[in-house]
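K.L.:
Here are the chains, one letter per residue:
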Amino acid sequence: MTKQHANWSPYDNNGGTCVAIAGSDYCVIAADTRMSTGYSILTRDYSKIHKLADKAVLSSSGFQADVKALQKVLKSRHLVYQHQHNKQMSCPAMAQLLSNTLYFKRFFPYYAFNVLGGLDEQGKGCVFTYDAVGSYEKVGYSAQGSGSTLIMPFLDNQLKSPSPLLLPAQDAITPLSEPEAVDLVKTVFASATERDIYTGDKLEIMILKADGIRTEVMELRKD
Amino acid sequence: MFRNQYDTDVTTWSPTGRLFQVEYAMEAVKQGSAAIGLRSRSHVVLACVNKAQSELSSHQKKIFKVDDHIGVAIAGLTADGRVLSRYMRSEAINHSFTYESPLPVGRLVVHLADKAQVCTQRSWKRPYGVGLLVGGLDESGAHLYYNCPSGNYFEYQAFAIGSRSQAAKTYLERRFESFADSSREDLIKDAILAVRETLQGETLKSSLCTVSVLGVGEPFHFLDQETIQNVIDTFEKVADEEEGEGEAEPAAPAEEGGDGTGDQDVAPMET
Numbered sequence: 001m002t003k004q005h006a007n008w009s010p011y012d013n014n015g016g017t018c019v020a021i022a023g024s025d026y027c028v029i030a031a032d033t034r035m036s037t038g039y040s041i042l043t044r045d046y047s048k049i050h051k052l053a054d055k056a057v058l059s060s061s062g063f064q065a066d067v068k069a070l071q072k073v074l075k076s077r078h079l080v081y082q083h084q085h086n087k088q089m090s091c092p093a094m095a096q097l098l099s100n101t102l103y104f105k106r107f108f109p110y111y112a113f114n115v116l117g118g119l120d121e122q123g124k125g126c127v128f129t130y131d132a133v134g135s136y137e138k139v140g141y142s143a144q145g146s147g148s149t150l151i152m153p154f155l156d157n158q159l160k161s162p163s164p165l166l167l168p169a170q171d172a173i174t175p176l177s178e179p180e181a182v183d184l185v186k187t188v189f190a191s192a193t194e195r196d197i198y199t200g201d202k203l204e205i206m207i208l209k210a211d212g213i214r215t216e217v218m219e220l221r222k223d
Numbered sequence: 001m002f003r004n005q006y007d008t009d010v011t012t013w014s015p016t017g018r019l020f021q022v023e024y025a026m027e028a029v030k031q032g033s034a035a036i037g038l039r040s041r042s043h044v045v046l047a048c049v050n051k052a053q054s055e056l057s058s059h060q061k062k063i064f065k066v067d068d069h070i071g072v073a074i075a076g077l078t079a080d081g082r083v084l085s086r087y088m089r090s091e092a093i094n095h096s097f098t099y100e101s102p103l104p105v106g107r108l109v110v111h112l113a114d115k116a117q118v119c120t121q122r123s124w125k126r127p128y129g130v131g132l133l134v135g136g137l138d139e140s141g142a143h144l145y146y147n148c149p150s151g152n153y154f155e156y157q158a159f160a161i162g163s164r165s166q167a168a169k170t171y172l173e174r175r176f177e178s179f180a181d182s183s184r185e186d187l188i189k190d191a192i193l194a195v196r197e198t199l200q201g202e203t204l205k206s207s208l209c210t211v212s213v214l215g216v217g218e219p220f221h222f223l224d225q226e227t228i229q230n231v232i233d234t235f236e237k238v239a240d241e242e243e244g245e246g247e248a249e250p251a252a253p254a255e256e257g258g259d260g261t262g263d264q265d266v267a268p269m270e271t
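Residue numbers (full-length UniProt numbering), protein chains in the order written: chain G, 1 to 223; chain P, 1 to 271.
Careful: at least some of the hints might be erroneous.
[Said to hold, decoys possible] Which chain G residues face chain P? A few, computed with CB under 8 Å, are given here:
no.: 1; residue: K72
no.: 2; residue: S76
no.: 3; residue: L79
no.: 4; residue: V80
no.: 5; residue: H83
[Said to hold, decoys possible] Ranges between beta-carbon positions, derived for each pair:
no.: 6; chain 1: P; residue 1: G106; chain 2: G; residue 2: V80; range: 21 to 27 Å
no.: 7; chain 1: G; residue 1: K209; chain 2: P; residue 2: G106; range: 40 to 46 Å
no.: 8; chain 1: P; residue 1: K30; chain 2: G; residue 2: S47; range: 51 to 57 Å
no.: 9; chain 1: P; residue 1: T16; chain 2: G; residue 2: Y103; range: 57 to 63 Å
To be clear, the hints were calculated from the coordinates, so they are not data collected in a lab.
Virtual Cβ for every residue (Gly too), placed ideally from N, Cα, C.
Using the sequences provided together with the hints, build the complete structure.
P.N.:
As structure tokens, this is what we get:
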């Protein structure tokens, strides 16, 4: 007798793509606004970007119900931190918290593919990229979600710093200026929208700088 | 008369139907430095006296933020107060998480009161030795509650707890009927004036008191020293001017010299 498999899954993939790029004094976090299930569209207007702290913004693709639950947990934990330390969490601190929170559910994971962007304690941009169970790395740029396989090779082509074996050690921060980075993001999303059916509708871009957060919205193909 | 026989245990009643350990806990509240709360229809102000252990140390924190819409001022065993504040914060966060809305103040004080009651009915526990003035804003308006170590709680328009709080209460009793419609600024002024009453003669300085405000469109926050000093200056100056007019001429320069705003040719120590 062949093994019985579950005919119900606790997970679903709502699709979408998230990208973040770190600059010398800014960080760009972007995501499309399409939410899908199977071959259908649930909504064309869903934000996948969520501000966790003044200097830390999370963007997640995957199963949005799990993403929502994850955001709520992080928000509560951040409040506890603020009560105890009388200040907001820094981006690197939030990065570690996110990793721990994800690994906490190692045996029933949050189906969330996260990119955390923000400014570090020195005011430089930082991007952290995750897998579903909390393995993370500080990088200069990252893409996650259904369009990531289309976007990441192009970002590598445009932004990848020389080999880490090079001395002196190169920082994982792009030399691009902020308008150039925003333009690059718009370009990659326009391309990903062409070939990935789960990416499209609108592009939401958040630009984090020391003086605050700015949001831009751009239309994408709706097919 | 019987107090000493029936006061060892919190689980022992006295023949007159009292729990002395609970009453002793309420005494601890009276020993702490003063804390004052007042509310209007839209705002709640919590103020307290900063008492430091010695000249070398800093003063203890007596007002805590529980959430954007709730603050608490304590008097008594500050350690107990700190622990209870942590409990209140966690209740507020859990409620927010589950219901995606701010915890109504009335619910919070009931949780707090129930927690205090447990300590009055377990032989291996002692009552919390702290009184809490919980001020908050929810859909039904601005509220001020007082939670006792006994597990009782009461709602107030204005209240004062801790040492020399009776002086503040007398002041508040005279003025409380106007509080409901008070402006935010008047409410703060009344709070600081009430604090002044507890100081009984000591000059009121902004370093001696901590004031916090919350209200409609205004999350809980502390007022900075400068703002408090400005409010103090408004009524201290008025008091000085009144005294200056009332006294005879020779006394006036000495008054103003001390003030610093008057005759600048006269050195402070000279008459």
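K.L.:
Find the hints from earlier in the document that the structure breaks and name them by number, from lowest to highest.
P.N.:
none
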